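Heads up: the sequence lines are chains A, B and C, in that order. Each residue of the first sequence is one higher than the one before, counting from 608 in our numbering. Each residue of the second sequence is one higher than the one before, counting from 3 in our numbering. Each residue of the third sequence is one higher than the one before, counting from 38 in our numbering.
If a hint is listed, it holds; no wrong ones were tucked in.
Selected chain C positions facing chain B (in silico; Cβ < 10 Å):
hint	residue
1	V249
2	A255
3	W256
4	Y258
5	S265
6	A269
7	A270
8	G274
9	I275
10	S276
In short, the hints are calculated from the structure, not lab data. Source: prediction; values computed, not measured. No residue lacks a Cβ here, since even glycine has one placed at the ideal position from N, Cα and C.
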Amino acid sequence: MKRTSRMLLILLAVLAMMAAACGSDDEAEAGGSEGTEAPGGTEAPSEGGEGASDAKAAFIMVAPIGDAGWNFMHNEGRLGAEEATGVETAYVDSIPEGSAEFDNAVQQFIDDGYNIIITTSFNYMDATEQFATDNPDVVFEHISGFKMNDTNFGNTFGRMYQPRYIAGMAAAAASETNRIGYVAAFAIPEVIRGINAFTLGAQAVNPDIEVEVVWTSTWFDPGVEGNAAQALIDNGADVLTMHQDSTATGEVATEAGATFIGYHSDMSAQVDAYLTAPVWDFTPRYTEILSSAAAGNFTPESFWGGIADGIVDIAIPDGSPVAAEMKEVRESIINGEFDVFEGEIIAQDGSAITDADGNLVVDLQDSFGNDIGAVGDALNDGILLGMSFFVEGVIGSAEG
Amino acid sequence: MTSASVELTNIWKRFPGGVTANAGANLRVEPGTVHAVLGENGAGKTTLMNVLAGVYRPEEGTVSLDGVPQSFASPAAAIAAGVVMVHQEFRLIPSFTVTENVALGESPRLLVRNSLEQQVGDLAERFGLHTEPGKQVWQLSMGERQRVEILKALWRDARVLILDEPTAVLTPQEATELGRIVAAMAADGRSIIFISHKLDEVTEFCDEATVLRGGATVAASLPVAELDKSRLAELMVGEATEVSIRRTRTTDVGDPLLEIRDLSMRDVHGVVTVDDVSLSVAAGEIVGIAGVAGNGQRPLADAIAGLAPIESGSIAVRDLDITPASPQARVDAGLAYVPEDRLGVGLAPRLNVIENAILRSYKSLTKGPFIDADAAEQMCEVLVDDYNVKVGQLDAPMAGLSGGNLQRLLVGRELAGRPSVVVAAQPTRGLDVQGVAAIQDILVEQSRTGTGVLLISEDLDELLALSDRLLVMHEGRVVAEFDPDAVTRAQVGEAMAGAVE
Amino acid sequence: MRLRLERRDRPLRGGQVRAFVVGVLIAFAVGAVLLVLSGHNPFEVYQKMLDSSFGSWRGLSTTLTQAVPLGLAGLAVAVAGSMGLWNIGAEGQIVAGAIGAAWVARLGPDLAGPLLIPLMLIAAVAAGGVYALGPALARSRLGVNEIITTLMLNEVAIRIVRYLQNGPWKDPTANNFPVTPELPAQAALPDLFERSNIGLLIAAAVILGFGVYTARSAWGYELRVAGSSADAARYAGISLKAKIFTVLVLSGAIAGLAGGIELTGSSSRLVEGVGGGYGYAGIIVAALALMRPSGVAAVAVAFGAVQVGGLAIQTTGVPASIANTLQALILFGALAAGVFGNYRVVRTAAAAPAGATA
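Isolated chain A, as found in the complex (with noise of 0.2 Å):
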């Protein structure tokens, strides 16, 4: 009896060796919540589409794919895509930022005959510039970042601000203490400008609403989120939303009898409070990339997509009061006719930012000091990638 435990113990000690070495690599930056089985990478091209040709794409994610997440999406993104263009794709995952596995994971498409490689964390970016240097036959794409070359290396994002306008009027419309809780990363101008909207979006349906925001200082950890979650709950907070990428919030919310707006992907089969989430769908923008590549016609851009392209969107809730508000806004949005940041805007502090006509009435600064816009420029998209400031009605520091 003894010496079997002992000798369970030897295994187990091995056993928790190894889990250390592996388990490392979901450590890194995001990561959905554990679950369902990763499907597998290659799946037969399907017939239709443009078809033909000799592309394959391949598709690096730091994380597993998980069951709701950004890599979640970015999968769903590739299968899309790969339904659609009829080009073979595949991906490996759990690869972390900046270290030589990733090169090799790169390298080893390459040299198996990939000619479409995406990548899809923001730190793959300098090591994809560098592969789209040395490999001037392979098309590169990279996502949430800001590089590009003028041959075979594009960037890829989205205007999750449009999307998340919207969800601040769902969250406005279902408070009653008028104080909705947000759950923020990092304070940069992606997660700042995100709040903002959703700010813009809950005052056009109630003026009084508050957002607070708690910054957590990680994309990933369920522990601080829900802990953030709920101060928010106990400041008074009966919405809560986030930008992060597990459903901490949501559970807390759930718990907490509040409601819940996610992020990423339709939470609801996972969280019982959820009522909409502004979403991710890379389906589009793949198809669009792998046909062009396919066909010979890549041409690099820094693509900023919005509800008309497709890459964000939102769904809205039927029982919402301003469901039909919300309808007219994402029309509006898409056919050009609105758009979340124009008009006048006030900072958090009071003073005023852009005239009624959108144009700038102080100098605008990044966070490092760095002059993006003048007065009298119009609201543009430089000043929107620096955006450092809350706008009135946010709680919290926009200094994170």
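Starting from the structure of chain A, add chains B and C where the hints point.
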């Protein structure tokens, strides 16, 4: 006649490697008595107690409790049957309270903490075990921790308690206190088995005594009240066997080579282990130290070798004060040490024979930063030849050698540096007949070349045969000095028992 | 009847290698079943693993590139391990080394490569050593278990990088993303062949050099004595405290070098994931090398090949979960073989009557 509460009959227990720890041992303990189990190290006491406590299963023999034969598959089974052993190393969780430790394993009841503390307190009160049930164990003294162990046993309603050298970690006051507790438990009808080397305690605390020697029972259930300490000591060390060698005593003793003055030591618990010892060993002389195990011989040897801190006193080799010197500096000064634990202290078990052979001399075998492998091998071969070490391959791990060969290599290596003084602790323990003779020959030979030898042994025959002078240690003090040619075993036994002052 | 492990009097000699081979073969067999069950042809998969890791110069260089951090981390663990110490903190020390190297690049971004790179690597070594200083002092002075202290510092190192990239070292040109700036171009280690850079030479020199040094020097001998028995070491006059301190700091410094080489070799900026799990994998490498620095190089290359092969089969459609299981199986087979090299299974008759078994 009522049945004994414990009866062990004709117990045999052998271990892999040919060691027979119990060879027909018997033990009978009456209910409500305190029963001493005595014997030297290696006499088989611990093995026999482990048989009773379900740790080992004997190849032969029976274990009965209250007349019912038992076959314990595990210590848990023994505990369930009411046999609990209190080990020397306490098995307590420091960050838990006394109550939590006592009631550990009965977690549902832990929920009602207050009433549980009350119950533990009541139980302690009943047997005069002074303790605070709410205190955490790390805050307790060694004596208090021992009481918690005893409480644990009582909590499980142990009918038979085995106390393994219970006073080793106690201050004299705590030991006296323990005597009272033991008496209270016996008065409650429980049987207590008391393992000890200390004859004072045996005569003071115990009703009966069983003496083991060489794995067998040599005296069973002696009524302690009718015995004196020297008789017990004699039983432990045994009658004179055949005298192997009786060397010619050194007549002309040279200059003193090892001089120890007023040496005192304490162990980690603050208990005095060596008490104001002075002795000297002269050139060509073999000085023997006798004593029941645990009376300060081992710390004394470690202190000379520089492996244990001392409290006061001085040690000199050839007039050079080595009291503050490092172990290596002592070797350089001419000291050689054959430690009691040959494999683990004197030799590194996982290293190979060559690596062990050069343990003392590797620094002189270097070429630049590297050890000269050829020189090392050569040196090892010389050692192996000279001391007749039987070894398969020189690059095989040390642990594969037999005890005799280990000791030959160790002694040979220590003597290779031509030391002035050799301290040899239990150099022949556990060796077979030839091994014993070989080591004894080496030591005698060495003394003839003018080396001073301090021989610490539990084998009285060996001491009487080899020593020029025989010192006896008791409770850390040198209590007697004898001329081996003019002393009887009984006289030595009395001194070992502390009967001489 | 029951089975138990009994330590062999001496380890299987030639048998050790044989045991490894058998262990790995069993692992491949089990893996094959797994592959068939998940609809893959095991022969093709194994062929791909072999081709990608050893089948071409490029594959070989990929394997060797992977072996560099594995080998240095394994060496760090093995140097401590040969003295019986467990440095579980190589991961953090790798990160610390990368921080040190990145710091030098920040201070002297305009230095020429031949000057900058050595300075960065020296800083990496120093930073790794400094990062192990706490556990080394705590263990040698106070007897605090180094397993716990080194392990805990792993997370701290990652937090430091996180702080740097969100705070003082935030890259002003990165569109406000929380990243550290790109390293100057001349900070990249020069290429050697195919995918390998001169980091391979540095690592090989260090690993093989240490292997020889610890196996043959008086210093290495003292380590082994202390690792075999602390009492024997004190008996032999070896200063344990000093030795423990030196060895733990040295272990950290070696891991730090791994971080420096990773940063200058494979990464264009300091990121949280620079450790890449190599510090933990190094524990397995060292265990497979039986804690002998001289065995680390071979194990690291084999382990690197398994990792490269495991990744390569993912690119052919074997899911990551299966590929990782396969890697784990191979490692497990090899480790288990290591156990059976030192132990044998013996049958013992149950002495107690069946009914009495608790």
